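Asks: Read top to bottom, the protein sequences are chains A and B.
To convert a position in the first sequence, counted from 1, into the numbering used here, add 235.
To convert a position in the second sequence, counted from 1, into the numbering used here, add 125.
For the record, the hints were derived by calculation from the structure and aren't laboratory data.
There may be inaccurate statements among the hints.
What the hints assert, rightly or not - Here are the simulated DSS-like cross-link-like pairs (lysine-lysine), alpha carbons at most 30 angstroms apart as the crow flies:
no., chain 1, residue 1, chain 2, residue 2
1, A, 355, B, 323
2, A, 392, B, 323
3, A, 546, A, 465
4, A, 416, A, 392
5, B, 300, A, 313
6, A, 313, A, 406
7, B, 404, A, 355
8, A, 313, B, 323
Claimed, not checked - Partial list, computed: chain B residues near chain A (C-beta under 10 angstroms):
no., residue
9, 138
10, 305
11, 306
12, 307
13, 319
14, 323
Treat the numbers as computed from the prediction; the structure is a model and nothing was measured.
We treat Cβ as the ideally placed atom computed from N, Cα and C, and that holds for glycine.
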Amino acid sequence: MREGEAFLDIRGAEKSFAGNRVLGGVDFGVNRGEFVSLLGPSGCGKTTLLRIVAGLLDADRGSVRLAGSEIGNLPTHKRGVGVVFQNYALFPHLSVADNVAFGLRAQRRPQADIAPTVAKFLDLVHLTEMAARPVRGLSGGQQQRVAVARALAVAPKLLLLDEPFSALDRKLRETMQIELKRLLRDVGITTVLVTHDQEEALVMSDRVAVMSRGAIEQFDRPDAIYLRPKTPFALGFVGHSTRIVGKAGASSDGTLAIETPVGRFFAAASFMGGAPVLLAIRPERIRINAADADANSLDAKLTELVFQGSKVHLHFTAGDAQTLLVEAAQIPPNLAVGDTARLSWSYSDTLIFPHDGTLQ
Amino acid sequence: MIAALKNRLARMDRIAILAVPALVYMIAIFAIPVAGLLLRSFSGPDGFTLAGYVSFLGDAFNWRVIGNTLRVAAITTLICLAIGYPTAVALSRARGFVQVALLVAIILPLSVGVVVKAFAWQIVLRRDGIVANILVGLGVWDTPQLLLFTETGLVVGAANLFLPFMILPIYSVLKLVDPNIQDAAATLGASPVYRFFKVALPLAMPGIVSGSSIVFSLAVSMYVIPSLLIGDRFQTLATLVGRSFLLMRNEQLGAVTASVLLALALAIVAFSSWAVRRKGDSR
Ligand SMILES: Nc1ncnc2c1ncn2[C@@H]1O[C@H](COP(=O)(O)OP(=O)(O)O)[C@@H](O)[C@H]1O
Ligand SMILES: [Mg+2]
Numbered sequence: 236m237r238e239g240e241a242f243l244d245i246r247g248a249e250k251s252f253a254g255n256r257v258l259g260g261v262d263f264g265v266n267r268g269e270f271v272s273l274l275g276p277s278g279c280g281k282t283t284l285l286r287i288v289a290g291l292l293d294a295d296r297g298s299v300r301l302a303g304s305e306i307g308n309l310p311t312h313k314r315g316v317g318v319v320f321q322n323y324a325l326f327p328h329l330s331v332a333d334n335v336a337f338g339l340r341a342q343r344r345p346q347a348d349i350a351p352t353v354a355k356f357l358d359l360v361h362l363t364e365m366a367a368r369p370v371r372g373l374s375g376g377q378q379q380r381v382a383v384a385r386a387l388a389v390a391p392k393l394l395l396l397d398e399p400f401s402a403l404d405r406k407l408r409e410t411m412q413i414e415l416k417r418l419l420r421d422v423g424i425t426t427v428l429v430t431h432d433q434e435e436a437l438v439m440s441d442r443v444a445v446m447s448r449g450a451i452e453q454f455d456r457p458d459a460i461y462l463r464p465k466t467p468f469a470l471g472f473v474g475h476s477t478r479i480v481g482k483a484g485a486s487s488d489g490t491l492a493i494e495t496p497v498g499r500f501f502a503a504a505s506f507m508g509g510a511p512v513l514l515a516i517r518p519e520r521i522r523i524n525a526a527d528a529d530a531n532s533l534d535a536k537l538t539e540l541v542f543q544g545s546k547v548h549l550h551f552t553a554g555d556a557q558t559l560l561v562e563a564a565q566i567p568p569n570l571a572v573g574d575t576a577r578l579s580w581s582y583s584d585t586l587i588f589p590h591d592g593t594l595q
Numbered sequence: 126m127i128a129a130l131k132n133r134l135a136r137m138d139r140i141a142i143l144a145v146p147a148l149v150y151m152i153a154i155f156a157i158p159v160a161g162l163l164l165r166s167f168s169g170p171d172g173f174t175l176a177g178y179v180s181f182l183g184d185a186f187n188w189r190v191i192g193n194t195l196r197v198a199a200i201t202t203l204i205c206l207a208i209g210y211p212t213a214v215a216l217s218r219a220r221g222f223v224q225v226a227l228l229v230a231i232i233l234p235l236s237v238g239v240v241v242k243a244f245a246w247q248i249v250l251r252r253d254g255i256v257a258n259i260l261v262g263l264g265v266w267d268t269p270q271l272l273l274f275t276e277t278g279l280v281v282g283a284a285n286l287f288l289p290f291m292i293l294p295i296y297s298v299l300k301l302v303d304p305n306i307q308d309a310a311a312t313l314g315a316s317p318v319y320r321f322f323k324v325a326l327p328l329a330m331p332g333i334v335s336g337s338s339i340v341f342s343l344a345v346s347m348y349v350i351p352s353l354l355i356g357d358r359f360q361t362l363a364t365l366v367g368r369s370f371l372l373m374r375n376e377q378l379g380a381v382t383a384s385v386l387l388a389l390a391l392a393i394v395a396f397s398s399w400a401v402r403r404k405g406d407s408r
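Whenever a hint applies, use it, and build me the whole structure from the sequences.
Replies: What follows is the structure, given as structure tokens:
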């Protein structure tokens, strides 16, 4: 492997469909054994990037390297890249066991190895009893497990998962996420998961790449993506936030003053004075009627209270039209809709982004 | 369990009413006449007899006719399959304008009558026709030859006529196959050849079986095409049926020949469908 090269190493991947640019020079690297998610809204180019890695699409430009060698020119069947497709794409004319055995037979693995390997992977996904069944009648969760076992049975160097949970209902999805993560960690395979579901990406991944319009906006650990989003897009796509538009003022000692229509706030940042900025706060970082010194604060009126089981969302309004979202563990006592409260949050929880005049 | 079955039968009963018009029509226009024909083939001056079959099968000429019929039908089916399968694949992958254009090109010729086509082919297949000229030009032939009134000409014409009946059933099966399935096979390490034999072909098989059955049935019983493209020198079972009734006024021979034709066509279509399905199950 070259100096500083990742196990899966994509450099400058570009792709256009009929002049419509879908990937604009993507750099993306995954380490051996790592579980990485590509997270972005539908249509941002996730599947396109995945298909380029698998060799199901040719990139217009750029290189794809796996385990130290260029694979961009290899046909799909010689790449050793396993894929679990969004709709699973099982072979409808084969049984569960024959689906799992398909790759082993196609690669002419020794006949004596096939049955034990199939049995091992069926056991791993708890489908031993289903071995002889046709795949047609299986439930969504069972189909997904067949697809995973089928992909893993040939021991690929890399596993790609394209929205594998999107066909499952919510409850099953959560169970399967945990189960699959454990299984893939035990197998020790390098995995790239494509999803538009932020929770899924945060729960499952070692690192998350947030993608927007054919570019990776931020590639970081899940907690870093949430706590220190690098772009307004990453901020907006992962989790909730309150956003206030303002103008950068004076800064001293690494503390920046921001002038906004609802008051002056401070943040641990530095910025060119006079530049338009977007100020953001995560909802659970805002406290209600707390005696905070050295913190930003404003008065706001409670307009709505949404009970969500383990937590409460409180919607406030300040000034003419500034809304603020606060998340609390329980409904605060002595606070009813229509009351005014003092909201405060620390300087270090105040996120600052350059602002281009639009609010997403 | 039994209650559920009863329920289902009851529901099917009501839906089955929709098939009644077709059923009545087919019984009146197809089943009763064919039964009459079968009866006629077994009836002699003294009631029931096998004499018609004995004399038909005892005649070497008739065996040659059976051979002609089956050979022409089989070759026509194979040509249609060889041309029709790739076309159906292209059709199932095409999108938008290209797909519509292909479909129109396949269906439109059906609206041109058989007789019109047959006479058009006569022009193409003549000794000084386009095909002969091209083959001479390419050096395949030294001198122009007659394609008309040959078995080759007949098979070429029949395949042209029946091609849509091969393409459309295969296409209707392929368009329901998830395109990701081929991709999935590739990611599992299957080469293009392996994918063709182990994935593409088995998934297309229901369409191939029904397309081949339709084309074979049409080709084995075609009457107008052989009459116009070859004429009396080359007899098939269908033209023999026509001759027996119209020319020789031998109703029993006609009925026997028609019954043999019917039995052969049914047996071959049923056997090949069964064989393909059995192979599919044992894999
Ligand atoms: N084969 C194709 N031909 C034309 N446009 C395509 C093709 N595949 C994808 N696209 C377009 O590229 C964009 C990205 O698609 P995709 O990678 O599937 O997004 P995602 O998986 O993130 O939802 C979409 O706008 C889609 O319409
Ligand atoms: Mg997608």
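Asks: Going through the numbered hints above, which ones does this structure break? Give me the numbers in ascending order.
Replies: Going through the list in order, the structure violates hints 6 and 9 and respects the others.
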